[in-house]
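Number of protein chains: 4
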Amino acid sequence: MENVIKVTVWNEYLKEQQEPDVASIYPDGLHKAIAAFLNRDSGISAGVSIISDPEQGLSEAVLDATDVLVWWGHRYHGDVQDHLVQRVVDHVRRGMGIIFLHSAHESKPMKSLLGTSGYLGWREAGEKCRVWAAAPAHPIAQGIPGQFVIEHEEMYSEPFGVPEPDATVFISWFEGGNVFRSGLCYQREYGRIFYFQPGHETYPAYHQPVIQQVITNAVKWAKPVTRIALRNCPQMEALEKIGG
Amino acid sequence: MENVIKVTVWNEYLKEQQEPDVASIYPDGLHKAIAAFLNRDSGISAGVSIISDPEQGLSEAVLDATDVLVWWGHRYHGDVQDHLVQRVVDHVRRGMGIIFLHSAHESKPMKSLLGTSGYLGWREAGEKCRVWAAAPAHPIAQGIPGQFVIEHEEMYSEPFGVPEPDATVFISWFEGGNVFRSGLCYQREYGRIFYFQPGHETYPAYHQPVIQQVITNAVKWAKPVTRIALRNCPQMEALEKIGG
Amino acid sequence: MENVIKVTVWNEYLKEQQEPDVASIYPDGLHKAIAAFLNRDSGISAGVSIISDPEQGLSEAVLDATDVLVWWGHRYHGDVQDHLVQRVVDHVRRGMGIIFLHSAHESKPMKSLLGTSGYLGWREAGEKCRVWAAAPAHPIAQGIPGQFVIEHEEMYSEPFGVPEPDATVFISWFEGGNVFRSGLCYQREYGRIFYFQPGHETYPAYHQPVIQQVITNAVKWAKPVTRIALRNCPQMEALEKIGG
Amino acid sequence: MENVIKVTVWNEYLKEQQEPDVASIYPDGLHKAIAAFLNRDSGISAGVSIISDPEQGLSEAVLDATDVLVWWGHRYHGDVQDHLVQRVVDHVRRGMGIIFLHSAHESKPMKSLLGTSGYLGWREAGEKCRVWAAAPAHPIAQGIPGQFVIEHEEMYSEPFGVPEPDATVFISWFEGGNVFRSGLCYQREYGRIFYFQPGHETYPAYHQPVIQQVITNAVKWAKPVTRIALRNCPQMEALEKIGG
Chain A
1314 MENVIKVTVW NEYLKEQQEP DVASIYPDGL HKAIAAFLNR DSGISAGVSI ISDPEQGLSE
1374 AVLDATDVLV WWGHRYHGDV QDHLVQRVVD HVRRGMGIIF LHSAHESKPM KSLLGTSGYL
1434 GWREAGEKCR VWAAAPAHPI AQGIPGQFVI EHEEMYSEPF GVPEPDATVF ISWFEGGNVF
1494 RSGLCYQREY GRIFYFQPGH ETYPAYHQPV IQQVITNAVK WAKPVTRIAL RNCPQMEALE
1554 KIGG
Chain B
1314 MENVIKVTVW NEYLKEQQEP DVASIYPDGL HKAIAAFLNR DSGISAGVSI ISDPEQGLSE
1374 AVLDATDVLV WWGHRYHGDV QDHLVQRVVD HVRRGMGIIF LHSAHESKPM KSLLGTSGYL
1434 GWREAGEKCR VWAAAPAHPI AQGIPGQFVI EHEEMYSEPF GVPEPDATVF ISWFEGGNVF
1494 RSGLCYQREY GRIFYFQPGH ETYPAYHQPV IQQVITNAVK WAKPVTRIAL RNCPQMEALE
1554 KIGG
Chain C
1314 MENVIKVTVW NEYLKEQQEP DVASIYPDGL HKAIAAFLNR DSGISAGVSI ISDPEQGLSE
1374 AVLDATDVLV WWGHRYHGDV QDHLVQRVVD HVRRGMGIIF LHSAHESKPM KSLLGTSGYL
1434 GWREAGEKCR VWAAAPAHPI AQGIPGQFVI EHEEMYSEPF GVPEPDATVF ISWFEGGNVF
1494 RSGLCYQREY GRIFYFQPGH ETYPAYHQPV IQQVITNAVK WAKPVTRIAL RNCPQMEALE
1554 KIGG
Chain D
1314 MENVIKVTVW NEYLKEQQEP DVASIYPDGL HKAIAAFLNR DSGISAGVSI ISDPEQGLSE
1374 AVLDATDVLV WWGHRYHGDV QDHLVQRVVD HVRRGMGIIF LHSAHESKPM KSLLGTSGYL
1434 GWREAGEKCR VWAAAPAHPI AQGIPGQFVI EHEEMYSEPF GVPEPDATVF ISWFEGGNVF
1494 RSGLCYQREY GRIFYFQPGH ETYPAYHQPV IQQVITNAVK WAKPVTRIAL RNCPQMEALE
1554 KIGG
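Chains as they are written, first to last, in this note's numbering: chain A, 1314 to 1557; chain B, 1314 to 1557; chain C, 1314 to 1557; chain D, 1314 to 1557.
Hints listed in this document are in silico derivations from the structure and should not be mistaken for laboratory results.
It should be emphasised that the depicted structure is a prediction, and the values quoted were computed from it without experimental measurement.
Just so you know, not all the hints are guaranteed correct.
In the DMTMM-like style, the derived pairs of lysine to aspartate or glutamate whose C-alpha atoms are separated by at most 20 Å in a straight line are [claimed, not checked]:
1) C:K1441 to A:E1464
2) C:K1441 to B:D1403
3) B:K1421 to D:D1395
4) A:K1421 to C:D1395
5) C:K1441 to A:E1550
6) A:K1441 to D:E1550
7) A:K1319 to A:D1392
8) D:K1554 to A:D1366
9) B:K1421 to B:D1403
10) B:K1554 to C:E1464
11) A:K1319 to A:D1395
12) A:K1554 to C:E1437
13) A:K1441 to D:E1553
14) D:K1554 to C:D1395
15) D:K1441 to D:E1419
16) D:K1441 to A:E1550
17) C:K1421 to C:E1464
18) D:K1441 to A:D1366
19) B:K1533 to B:D1479
20) C:K1554 to A:D1380
21) C:K1328 to C:D1366
22) D:K1421 to D:D1341
23) D:K1328 to D:D1341
24) B:K1328 to B:D1377
25) A:K1421 to C:D1403
26) B:K1421 to D:D1403
27) A:K1319 to A:D1380
28) D:K1441 to B:D1366
29) C:K1554 to A:E1464
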């Protein structure tokens, strides 16, 4: 059991997500749907946490017990408390993996880790999206076809206000004429970061097996190589004689 | 005059390009069309060179007098002699800029400089292409709209077998459902490299002002910061006492 | 005059910097010493701003009138107000260049823009430092020798907790046995970022011509390519018919 | 057994390496010393191949049966036949990992894969070298101390003529005053590449446990994620109606 990857799927899960149009797709919330498919992989143990939990679901106990945090948020980005954002960021810097889904591009943790605004264009027209694997050799693309279709998705468009990534794993084509780098990898000190675009709450993207596979792969890629304790800049003794 | 950027536009310009369907679009060859629009910029002085010139248009004299080489080739990649490829590569490593256009993705100099195969998917269907500026802050994207249309272009598709670039300047949307990273920057030692996808010989892409602007911008970006002579790995004296 | 680069050199300039050991080296403060050598370049117009100024020297008026901000801070990182940090970060994302000097590795703006902690090892032993140009073709290295000596500098050591940079311009050798990536470039949306290690307040690094040249070069490299207004994620109309 | 990583250690192993000063350190050649310590890891099965073997030790059969190729060469770089270099490069592009040791910086396969000259400064003075882990979170740095000493090594110095790496894992300090990026990662299509500086033939670097650990880690990092067959650019059918 010691190699099982411990995942926490964080979600706002406030009233909009509990209303009929979303609840008909994700009756128990997106977080539980995501945790459920992750738990079908014997190498993963996924739990959930939501913004109305104590410490907004981001206690030290929760994060200490999390190898990879999956983040879904949209309308309540601004409500996540700054000291909790800083706590998440610190855990990533010290090794916890993090996967940002869909509208998390504007979440405080993603903006804090990437240093950018997450700017993009958008359109909610239920249009067709084709996701292309631009880096087929990347671990996150294994078992994923060269191209797959999401029948209805919110459109996100370039230019995407993020740093040039370490790896451009997926690029999406949208029926209405737009393109978007939809799967991107970053490293921030000890922590690995993956952004993945699909998952508007009114469409069933997280029920689609190929998308489940991408997120499962991403969890495995983002698990900590090693994890370190809090640290301050150390004063170091000289190794060689100075002023000899 | 000393700050004028000296450009050489290299082209195969063999019989296919002189036949009616191409010649009707580029009566004097693609190279002369490209040189002509570059020469409208007072900061650029562009000449041409073709595969049937002495030393295949790639003599030391030509390259020494070139700040930025623009490369268009397609059917005769294999005919470019290896020692001339090496000469081009050496000039880039020592500071000469190079711009690879369209099917130059499989040219020997591009493969030698990037280390990859230039693998991609393709389709010749005269379809619509939308080019998106993914890096609107990049010098090559200045004055270029967020998105522009090429009415008819050969389709190139991801996955594109190139290294993760230093900058992803453009990404293209194709009518038939594909995407492609169509404007990419690299650095190899002292030389700057830009790959730009548009320009199949049977369509008039190089007559389109926005494409002319991209290539003009790219020439200015790729001009040498500094240029060095041939060099071998130097033996260096110790700066500090060893074994003290 | 319109092409002159407007620089603001920001400094804490609180009591420690006004005490004899620092004041003997920088009688008017490090900020004024830096601005003075920048102003010797006819292409640069440099002013100063300090933490005790209104809005901590970071008013919208100051930043709007700044092409490149140079940041020196050490003991008072924590005192810079968060909304002003956010203002600086927003200006960088929208095109303002920024140069972080020495202990700015732990400043709030640098950590916010890079997403990392700025972790490093240090030693204050007045030891010799040799700065090597690892990217001699980079604009910031022009006119700088392959290696130069700083006779006495605070030591900073790897591992340096920053993202893999876009360019590793300088790497430093320290007498006591350490190495440090001492000149690093990043881009965050429209803004360019340069970190440069030399400049502990009790040593005269900023009086050394080669260091003045590096910072002058960095200002020219970091000046905005273009600068944009505040922006939110735009809703975009479809360019192609959806659901045809 | 099916998960065992198959390694081939390639070496020139010509007369210089069989002479007393080298043979006293590596009696059976560097290749056999390297294979021997790799074989102590139960997850690795390492064989050897040398330039005097049929097809210079680089037959299709050898490469097909190799997950990760380790390359040591120095005086006979020029003797490796170009079609065999191309074969190695093709295998890397299709997924085989490759580790370049020491003077392999100027080998034909490394120059072909990186696109650069491998330029560097050097000095053979048997000086002390300190290797710093600049990316302690990288898989190749696991179990390696923050800094370790090689008592006697050939000096290699910046500037190092290679592309900006995907990861700067190690940076070395040399007693004589130089620095060098001594452990660098790259990806070329499906293949992973690691360059590691230690290993001059007249010093016992490959007998040092920490260096054995780095190379063992590197083999595990470089093993193929997936491996593909030879491929040409495919013509692709349209997925969407064109000219609708």
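Hints versus structure:
| no. | hint | in the structure |
| --- | --- | --- |
| 1 | C:K1441 to A:E1464 | violated (63 Å) |
| 2 | C:K1441 to B:D1403 | violated (37 Å) |
| 3 | B:K1421 to D:D1395 | holds (14 Å) |
| 4 | A:K1421 to C:D1395 | holds (14 Å) |
| 5 | C:K1441 to A:E1550 | holds (15 Å) |
| 6 | A:K1441 to D:E1550 | holds (18 Å) |
| 7 | A:K1319 to A:D1392 | violated (26 Å) |
| 8 | D:K1554 to A:D1366 | violated (49 Å) |
| 9 | B:K1421 to B:D1403 | holds (13 Å) |
| 10 | B:K1554 to C:E1464 | holds (16 Å) |
| 11 | A:K1319 to A:D1395 | violated (25 Å) |
| 12 | A:K1554 to C:E1437 | holds (14 Å) |
| 13 | A:K1441 to D:E1553 | holds (11 Å) |
| 14 | D:K1554 to C:D1395 | violated (52 Å) |
| 15 | D:K1441 to D:E1419 | violated (23 Å) |
| 16 | D:K1441 to A:E1550 | holds (18 Å) |
| 17 | C:K1421 to C:E1464 | violated (29 Å) |
| 18 | D:K1441 to A:D1366 | violated (56 Å) |
| 19 | B:K1533 to B:D1479 | holds (17 Å) |
| 20 | C:K1554 to A:D1380 | violated (43 Å) |
| 21 | C:K1328 to C:D1366 | holds (14 Å) |
| 22 | D:K1421 to D:D1341 | violated (25 Å) |
| 23 | D:K1328 to D:D1341 | holds (12 Å) |
| 24 | B:K1328 to B:D1377 | violated (28 Å) |
| 25 | A:K1421 to C:D1403 | holds (14 Å) |
| 26 | B:K1421 to D:D1403 | holds (14 Å) |
| 27 | A:K1319 to A:D1380 | holds (5 Å) |
| 28 | D:K1441 to B:D1366 | violated (54 Å) |
| 29 | C:K1554 to A:E1464 | holds (15 Å) |
Checked against the numbered hints above, the structure violates hints 1, 2, 7, 8, 11, 14, 15, 17, 18, 20, 22, 24 and 28; every other hint is satisfied.
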